[in-house]
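Participant: So the number in our numbering is just where the residue sits in the sequence shown, counting from 1, plus 1.
Simulated from the structure, these hints should not be mistaken for laboratory data. Every value quoted in this text rests on a predicted model; they were computed, and no experiment measured them. Heads up, a few of these hints could be off.
Calculated cross-link-like contacts (lysine to any residue; reagent style SDA-like; alpha-carbon spacing at most 25 Å) [stated by the list, open to error]:
{"no.": "1", "residue 1": "LYS694", "residue 2": "HIS614"}
{"no.": "2", "residue 1": "LYS560", "residue 2": "GLN487"}
{"no.": "3", "residue 1": "LYS560", "residue 2": "ASN631"}
{"no.": "4", "residue 1": "LYS694", "residue 2": "ARG553"}
{"no.": "5", "residue 1": "LYS560", "residue 2": "LEU506"}
{"no.": "6", "residue 1": "LYS560", "residue 2": "ILE673"}
{"no.": "7", "residue 1": "LYS694", "residue 2": "GLY562"}
{"no.": "8", "residue 1": "LYS560", "residue 2": "PRO488"}
{"no.": "9", "residue 1": "LYS694", "residue 2": "HIS461"}
{"no.": "10", "residue 1": "LYS694", "residue 2": "THR624"}
{"no.": "11", "residue 1": "LYS694", "residue 2": "ALA618"}
{"no.": "12", "residue 1": "LYS560", "residue 2": "LEU590"}
{"no.": "13", "residue 1": "LYS694", "residue 2": "VAL509"}
{"no.": "14", "residue 1": "LYS694", "residue 2": "PRO488"}
{"no.": "15", "residue 1": "LYS560", "residue 2": "LEU459"}
{"no.": "16", "residue 1": "LYS694", "residue 2": "ARG505"}
FRET-style restraints, in silico, Cβ to Cβ [what the hints assert, rightly or not]:
{"no.": "17", "residue 1": "VAL329", "residue 2": "VAL102", "range": "40 to 46 Å"}
{"no.": "18", "residue 1": "ARG557", "residue 2": "ALA633", "range": "40 to 46 Å"}
{"no.": "19", "residue 1": "VAL406", "residue 2": "LEU178", "range": "41 to 47 Å"}
{"no.": "20", "residue 1": "ASP616", "residue 2": "PRO527", "range": "46 to 52 Å"}
{"no.": "21", "residue 1": "THR610", "residue 2": "LEU506", "range": "25 to 31 Å"}
{"no.": "22", "residue 1": "HIS619", "residue 2": "ALA510", "range": "34 to 40 Å"}
{"no.": "23", "residue 1": "LEU225", "residue 2": "MET60", "range": "56 to 62 Å"}
{"no.": "24", "residue 1": "PRO527", "residue 2": "PRO464", "range": "45 to 51 Å"}
{"no.": "25", "residue 1": "VAL112", "residue 2": "TRP200", "range": "37 to 43 Å"}
{"no.": "26", "residue 1": "THR624", "residue 2": "ARG467", "range": "17 to 23 Å"}
{"no.": "27", "residue 1": "LEU178", "residue 2": "ALA585", "range": "20 to 26 Å"}
Heads up, the beta-carbon is just placed ideally off N, CA and C, and yes, glycines get one too.
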Amino acid sequence: MRFAQRNGRRQRGHGPFRAARHGGFVLFWIGFMLGQLGYWMTTTWLQWSVSLDTDGDPMALGLLYFVTLVPLLVLSPWAGAMADRRNRARIIACSQGVIAVLCAAFVLQIVLLPDLTLPGTFAFAFGIGTMLAVSAPAGQSLVATLVPRTDLTSAIGMQSMSMNVARIAGPSLTGLLLAGSRSSAPVVVYAVAAAVSAWTAWRLPAVARPPMAEAAAPAWRRVLSGVRYVRQHPPCGLALVMLAVTSIFGASYVALLPAIATERLGGGSGTFTALVGATGIGAVLGVLVTSWRDGGIATPWRIGLLMVLLGTGVTLLGALTVPWVSLVVAALTGGVNFAIMTSTNGLLNASADDQHRGRVMSLYVLAWAGLVPVGAVLLAALASATSLRTAFAAAGLLLVLLTFVLLGWHHRATGRWDVPVQAAARAFDAARYSHGHQPAVLSAHGQRTAHDSCAYLLPHLRPGQRVLDVGCGPGSITLDLAALVQPGRVTGLEPTEAPLVEARLRAVARGDSTSQFATGDVYDLPFPAATFDVVHAHQVLQHLEDPVAALREMWRVCKPGGVLAVRDVDYGTMTWSPPDAGVARWHSLYCSMARENGAEPHAGRFLDTWARHADIAHSTATTSVWTYANAASTRWYAARQASRVLDSAFAGHARARGLDLEDLRSLAASWIAWGEADGARLTMTHGELIAVKHPQPVVPLQVTSVVSRFLTSKEGADLGVSQVSRLLTHAGVGALDPMALNLTARVTRTLHEEQLREGSSAPLDRLVDTLALRDDDTKRAILDRALADVGYRLEASGVRPASS
């Protein structure tokens with residue numbers, strides 16, 4: 002359960018359509034759905050036309066699927082690199098515009114050359130596929146920038162639902178338009194839909210993004226960088242491999258639905274469109290179930306279960322001959338297929354930072370759609386050589402077997418069936434950082450110093466200390482701290498590389514060769530316990546979804562006797578004069594956006610409460626105020642805020658809420674006008690917390706043995722280890738030694754469960770052998786004391802009663 006939920010924060014809207022609250026996403030969604038409707042109408046028409054020309058030849062249908070989707074296999078990685086460098090909305094708009102032109106040209110060819118040829122049809126399908134390959138990574142990665150993290154799963158679900166509603170409606174409309182003929186009306190509809198989709202994409206606001214670190218690198222280097230990024234995030238890599246296997250051996254069955262309709266079910270175009278429609282209905286239901294929950298990110302074993310179900314469904318589709326049963330199975334299979342797709346999409350979008358999201362999602366497009374034509378050709382070739390039933394059975398069986406192979410490999414590599422996907426959700430904190438890392442933000446943060454931002458910490462600094470600065474930004478405070486603790490070393494930490502480039506340049510300019518800057522997760526700091534004398538975080542907790550977990554992790558790496566220092570603003574105490582409606586609107590917008598991102602803009606007032614929940618004792622809370630009261634300071638602050646309104650993550654979040662460029666310019670002008678006003682003044686109160694990590698005495702082994710025996714009793718089992726440990730700590734006895742408690746508990750439990758007869762020590766012998774205690778001096782000493790406490794001793798020949 003999240004900290005916000007434990008403390009009664011009002012929860013935001015739930016349900017699969019909560020993303021519809023964001024105007025920018027709604028505009029994107031309308032265009033996307035129209036484009037999908039036209040695509041499915043045209044794809045259905047192309048499939049039926051080729052089926053008529055070739056008498057339902059499975060190989061021809063497989064080739065059509067191949068030429069339509071093979072561009073995704075070849076071009077997706079390069080399109081992903083382009084999506085990380087260019088305006089994603091413009092990429093979508095241009096691609097849809099080209100599709101509209103291609104449709105118009107193809108209709109013109111049909112009119113002028115009535116004899117439709119297969120090469121012409123394949124060339125048209127290839128052109129459509131190429132444009133979809135160019136736009137797909139941009140469309141998949143754009144969604145995460147149009148909605149806050151809390152609504153991401155809903156947005157992905159709505160995007161998937163629009164695809165499947167189009168999958169249902171497209172073939173049905175195509176059937177009505179065809180009416181036994183080969184009219185090109187579906188292609189005309191696609192031309193109009195693509196034109197409208199291009200217009201809606203062009204109207205989307207440009208989302209501010211941090212500069213791409215590899216912008217000047219060749220395209221192939223940027224593609225490889227995306228592959229390396231996925232390899233460094235194991236949940237993403239495993240999910241992509243499982244999705245690729247699903248595409249080749251599971252999702253490719255769709256290409257042969259016309260053959261299933263005619264050969265296995267003995268039907269015609271009506272049966273085919275019914276199968277496609279049933280698949281779409283099932284897909285919609287599967288997406289609804291997946292996206293209903295907030296953050297519905299699946300884990301590998303759940304995706305594996307879905308893959309097994311998909312393999313079973315594919316096998317049944319090839320074997321069944323009863324139409325209504327086949328429709329039910331098609332619906333279930335479509336639901337499972339898109340549940341896999343939506344879950345993987347959510348995991349990747351939540352895990353990737355915005356600088357790499359286009360390339361990560363291009364690999365998703367490649368694994369999901371780019372490999373489907375490969376599977377379609379293989380399935381079609383096998384069906385031509387044997388039969389549809391045999392081909393579908395082989396594909397389904399291979400999917401099930403490979404699923405177990407992948408899960409087994411994952412279990413052997415990690416020792417677990419699951420991946421802790423909460424870390425993926427937390428990684429999204431960096432992508433949804435309310436300020437962003439644009440130049441306007443880094444410039445403002447670069448003006449901060451240790452004296453104006455952490456004066457409360459300075460009395461605790463000593464030469465030679467090792468300091469961790471969490472959320473170091475451009476490094477101005479970090480390098481000040483480094484100068485104060487020389488010859489000690491300071492490490493600055495950020496979740497992304499974007500601000501660290503400037504931090505390292507500042508270090509070079511100052512001649513600082515000892516300070517280090519690295520990326521890391523505040524929820525899983527890449528340092529051993531008790532590493533740092535001082536752990537500092539300035540304006541960090543207000544941006545985190547789980548500040549208690551972050552505090553607990555920072556406390557872990559703090560040495561006994563060390564200091565934890567955190568400082569955060571309380572936007573609820575921000576005051577300005579003279580009153581200004583534009584500034585007030587900015588304040589309201591920022592606070593609501595921060596909360597939508599899972600953050601807490603009033604963090605300063607909660608620091609001591611969060612520290613208590615993190616079990617941090619001996620803390621002292623103070624406050625300090627930033628004051629801008631003279632003409633120079635108010636004009637500087639106003640200019641910085643105006644710049645950040647127009648060029649920061651704030652601008653992207655605001656546009657996702659429906660604000661346009663004129664609204665943002667109005668807000669920026671309000672800041673400038675306030676800064677120029679006579680007597681302008683602004684204050685911001687900050688909460689500060691200093692916690693000293695006093696060393697705690699360890700409970701003597703005799704006490705641990707007593708506690709261990711107590712925990713095996715009914716009263717102790719009800720109370721639990723954590724409660725007993727906390728009681729002992731507060732009573733001044735000290736902290737329980739985990740190793741001693743574990744070993745003595747095992748010994749006591751063995752005595753209790755085995756009900757040893759006097760002189761019988763075989764169960765204890767087995768316990769000693771299982772724990773491999775004989776070669777570990779530390780564990781051996783603890784075990785000797787634990788056994789002695791219960792009347793036994795450990796000899797070379799085994800455990801023996803002490804009296805013998």
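Participant: All hints are to be evaluated individually against the structure, with a verdict given for each.
Facilitator: Hint by hint, here is what the structure shows:
A distance of roughly 16 Å separates the Cα atoms of LYS694 and HIS614; the hinted pair therefore holds under the 25 Å criterion. This hinted pair checks out: LYS560 and GLN487 have alpha carbons roughly 18 Å apart, not beyond 25 Å. About 42 Å separates the Cα atoms of LYS560 and ASN631, which puts this hinted pair outside 25 Å; it is violated. Simply put, LYS694 and ARG553 have alpha-carbon atoms about 12 Å apart, close enough for the 25 Å limit, and the pair holds.
Distance hint between LYS560 and LEU506 is unfulfilled; the C-alpha atoms sit about 30 Å from each other, more than 25 Å. Only pairs whose Cα atoms come within 25 Å are accepted, and LYS560 paired with ILE673 is rejected, the gap being roughly 46 Å. Between LYS694 and GLY562, the direct Cα distance comes to roughly 5 Å. Compliance with the 25 Å bound is thereby established for this hinted pair. For the given pair, LYS560 sits about 18 Å from PRO488 by alpha-carbon distance, which is consistent with the 25 Å threshold.
Distance hint between LYS694 and HIS461 is fulfilled; the C-alpha atoms sit about 13 Å from each other, no more than 25 Å. With a C-alpha separation of about 21 Å, the suggested pairing of LYS694 with THR624 holds against the 25 Å cut-off. Distance check on the hinted pair: LYS694 and ALA618 sit about 8 Å apart at the alpha-carbon level, within 25 Å; holds. Our distance criterion of 25 Å between C-alpha atoms is broken by LYS560 and LEU590, whose separation comes to about 40 Å.
As the CA atoms of LYS694 and VAL509 are separated by approximately 33 Å, the hinted pair breaks the 25 Å bound. A threshold of 25 Å between alpha carbons decides the hint, and for LYS694 with PRO488 the separation of about 23 Å falls inside it, so the pair holds. Between LYS560 and LEU459 the alpha-carbon distance is near 18 Å, which keeps this suggested pair within the 25 Å criterion. Using a Cα cut-off of 25 Å, the hinted pair LYS694 and ARG505 is violated, with the two alpha carbons roughly 31 Å apart.
Evaluation of the 40 to 46 Å hint for VAL329 and VAL102 yields a pass: the beta carbon distance comes to about 41 Å. Look at ARG557 against ALA633: about 43 Å separates their beta carbons, and that is inside 40 to 46 Å. Between VAL406 and LEU178 the CB atoms are about 45 Å apart, so this pair conforms to the stated range of 41 to 47 Å. Between ASP616 and PRO527 the beta carbons are some 22 Å apart, a value that contradicts the proposed interval 46 to 52 Å.
The supplied range of 25 to 31 Å is broken by THR610 and LEU506, whose beta-carbon atoms lie about 38 Å from each other. At roughly 38 Å, the beta-carbon separation of HIS619 and ALA510 lies within the given 34 to 40 Å, and the hint holds. The supplied range of 56 to 62 Å is broken by LEU225 and MET60, whose beta-carbon atoms lie about 36 Å from each other. A hinted range of 45 to 51 Å is violated for the C-beta pair PRO527 and PRO464, which are about 26 Å apart.
Between VAL112 and TRP200 the beta carbons are some 26 Å apart, a value that contradicts the proposed interval 37 to 43 Å. Here the CB-CB span from THR624 to ARG467 is close to 28 Å, at odds with the stated 17 to 23 Å. In this structure the supplied range 20 to 26 Å is violated for LEU178 paired with ALA585, their Cβ-Cβ distance being about 54 Å.
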